[in-house]
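2 protein chains.
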Amino acid sequence: MKKEKNLISLERRLFFEKGTKLAAGSFLFSGLFTSLNAKESVALKVPAWSKSLGTVTAANLYGLPSPFEKDVLKEIRLSGAPKGYVSNSIALTSANSPISKIRGSITPNGLFFERNHSGVPVIDPKEHRLLIHGLVKDNIVLSMEKIKRFPSIEKSYFVECSGNTGISKNSPPDKTLDDMYGLMSSASWIGVKLSVLLEEAGIDLDKAKYIIAEGADGATMARTLPISRAMDDCMVAYMQNGEAIRPEQGYPLKLIVPGCEGNIHIKWLRRLEVTDTPLFARDEVSKYTDLFADGKARQSTLVMDVKSVITFPTTGDRLPEAGFYEIRGLAWSGRGKVKKVDVSVDGGRNWETAKFSTDPLSKAFVEFIYPWIWDGKPAVILSRAVDESKKVQPYFKQISDARGFNSESHNNAIQSWSVNAKGEVHNVRI
Amino acid sequence: MKKEKNLISLERRLFFEKGTKLAAGSFLFSGLFTSLNAKESVALKVPAWSKSLGTVTAANLYGLPSPFEKDVLKEIRLSGAPKGYVSNSIALTSANSPISKIRGSITPNGLFFERNHSGVPVIDPKEHRLLIHGLVKDNIVLSMEKIKRFPSIEKSYFVECSGNTGISKNSPPDKTLDDMYGLMSSASWIGVKLSVLLEEAGIDLDKAKYIIAEGADGATMARTLPISRAMDDCMVAYMQNGEAIRPEQGYPLKLIVPGCEGNIHIKWLRRLEVTDTPLFARDEVSKYTDLFADGKARQSTLVMDVKSVITFPTTGDRLPEAGFYEIRGLAWSGRGKVKKVDVSVDGGRNWETAKFSTDPLSKAFVEFIYPWIWDGKPAVILSRAVDESKKVQPYFKQISDARGFNSESHNNAIQSWSVNAKGEVHNVRI
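Chains A and B, in that order, are what the protein sequence lines are. Residues in the first sequence are numbered from 334 upward in steps of one, following our numbering. Residues in the second sequence are numbered from 334 upward in steps of one, following our numbering.
No wet-lab data here; the hints were simulated from the structure. This list has only true hints and no planted wrong ones.
Same chains, same label: a pair holds when it works inside one copy or across any pair of copies.
In silico lysine-lysine, DSS-like type, Cα no more than 25 angstroms apart, as pairs:
{"id": "1", "residue 1": "K508", "residue 2": "K403"}
{"id": "2", "residue 1": "K672", "residue 2": "K730"}
{"id": "3", "residue 1": "K620", "residue 2": "K502"}
{"id": "4", "residue 1": "K670", "residue 2": "K688"}
Please construct the entire structure, taking both the sequences and the accompanying hints into account.
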């Protein structure tokens with residue numbers, strides 16, 4: 334009975350520290366409930382669903398969300414695309430995760446973002462093979478059944494498209510959270526360490542400098558990763574949040590390159606070639622690069638730097654009244670654990686450290702919460718993450734001063750939202 | 334590059350310690366892959382799905398598993414029920430989770446077990462209310478919208494039906510893992526601490542001894558919980574693994590009573606009454622009790638004791654050849670964290686400590702793994718968990734000696750599986 338007293342006292346302390354006066358006898362959360370007298374309580378309306386039988390259980394069943402959650406969906410988000418638009422273009426097969434409608438450090442599988450370059454192949458796992466060849470003692474082929482017999486590990490990692498939050502000088506002014514931040518998700522992956530498979534094939538570590546990973550989709554999407562990273566924490570995953578990896582995430586096999594841009598997490602993984610030279614594939618020289626102001630482009634950025642974003646309240650939300658709110662958000666870093674997240678409710682003049690909902694894990698999302706008493710006056714709220722490598726999330730101006738405005742990739746800028754006196758929330762750049 | 338060496342060396346050490354001789358130059362996992370010459374590697378068959386476009390992305394989408402995973406479903410398991418049976422009886426609306434086909438410490442929402450007493454009500458969250466009344470200063474009513482404004486917490490907890498693993502003297506001899514252990518699941522829940530809501534209503538802690546919790550289903554399922562537990566770690570949850578709680582788990586609101594039997598996790602929660610006397614509801618006096626040999630019944634067992642089970646290999650599995658396998662399983666305790674799990678592969682004569690896939694959390698599932706070189710000879714494999722309260726999982730004989738054979742509830746016995754020389758796995762009681 335000690336802990337929840339502390340929880341209450343934390344909120345109350347915050348309340349008093351902010352200098353707001355409590356009316357005599359009123360509680361911090363009063364306004365959040367309706368008081369009834371005893372007679373009213375007894376007479377509380379009994380709804381129809383308490384007076385009838387519900388739906389019966391089917392014999393063979395994969396459960397789905399409530400029909401009342403029918404608007405919580407992945408969505409294609411293209412400027413100018415009409416409502417209900419269905420892409421029939423290869424280049425446009427991506428869908429954003431509804432970040433604003435979900436919670437916590439793990440993305441539900443049904444709502445994991447997707448980005449495909451030749452659509453989603455329907456792969457029979459019995460027919461699927463992984464080839465490991467090149468600078469190895471044995472060129473080896475593995476079936477899914479055999480891959481699952483190797484020692485397995487379970488790790489939570491985020492996947493973020495390098496184009497996530499692609500803001501530029503002329504970005505539309507009131508893009509929503511889901512528009513801007515929907516190309517990222519996080520899951521708990523189960524699979525085999527890549528290094529275990531490479532060692533088993535007898536990798537020649539004296540000569541090997543790169544691994545070329547290739548997918549079995551129509552694009553045969555291929556990328557190069559440095560051998561040091563391949564032998565570190567990469568994994569070949571076949572489970573996502575406890576069940577088989579989803580088709581659009583690479584069923585039956587996905588390469589996980591923790592902390593790196595989404596595109597290098599090769600989906601439908603079919604081939605790993607150990608080489609001494611990069612592949613220079615289209616998607617690593619013409620795309621997924623950062624074009625600077627001087628016309629030179631940086632290739633192989635790979636690592637997604639420390640980043641955070643407030644997910645409530647954001648554009649489109651409206652705070653109904655002054656009072657208590659949780660400011661909530663996500664933080665992550667491709668360089669390890671998020672060490673802390675600071676939140677400002679006055680446009681960046683003053684900062685206070687938020688609390689985490691769960692213990693931060695390396696290269697995974699963590700949810701942060703900042704208890705806030707909104708006084709009903711205009712406010713600008715923003716978050717800033719710091720990771721264990723001591724990298725600090727920058728303002729957009731710091732990024733554009735360094736890189737110019739040519740590239741929208743690998744943007745980890747601080748995001749601000751304004752709250753006006755009516756409680757309406759808008760996107761604002763400071 | 335150090336860690337994966339350690340992983341390999343762990344398996345290799347185990348291999349040598351067991352006294353098995355390696356053929357010159359062979360690897361621990363040889364037999365798990367096919368070696369090819371360079372020409373064969375280049376000529377590896379390119380499957381049809383690498384030469385065509387996949388399916389395009391729909392505009393509004395809730396993702397589902399691959400069609401090749403169509404057998405991974407919740408299932409009604411009743412002795413004598415025909416294949417494809419659909420229950421139309423209120424009493425029989427339960428479905429088991431396919432434990433044998435999933436992995437890790439979190440159950441995917443689509444495969445979470447269910448047990449309903451009047452089917453699954455379809456509740457409009459806008460209409461749903463939670464009433465808190467009785468020995469409180471204010472009788473209060475909360476809408477879902479307001480409940481979500483209170484300080485929130487996120488915690489992983491298992492839910493296990495007290496009738497899970499209901500073995501008796503005459504249990505059928507070769508029940509499967511999913512038959513026996515399917516009435517349990519684990520999730521990460523987000524909601525409000527129950528104590529926060531009770532304090533806000535002004536609970537009279539001098540007089541209050543019990544909380545009666547009631548659901549909004551047709552059964553108005555109600556249970557009594559002691560005030561000490563209610564004020565400890567209970568929560569009123571509205572999110573399950575990042576998205577809204579599933580209909581069959583209590584959408585929009587579920588009471589979580591960490592570590593206690595499933596039935597007291599009141600689903601579709603609509604009423605909390607603070608009292609000084611228990612409810613003595615049907616489901617706490619005639620059901621969910623333990624009838625002993627002397628005809629007396631124990632009520633309010635509530636806590637699910639420390640337990641573990643090997644989930645691979647189990648009945649129905651067949652090990653194709655001698656060699657390396659991971660023995661994998663789940664462990665949990667209603668009294669806190671699982672401290673360790675020991676595994677025996679010789680019927681309980683010798684035990685070795687398994688490793689955990691992730692850090693154990695209090696009152697949640699943890700997956701354990703024991704790397705095993707099967708020598709091709711008959712073996713009996715079993716697991717035994719110990720929790721932080723120092724409780725040790727007992728053999729079934731210890732339970733039946735103490736309680737007799739009248740009750741199949743609250744059975745946390747050690748489970749054994751036998752492996753014969755053909756690699757076939759069967760259920761065996763030792």
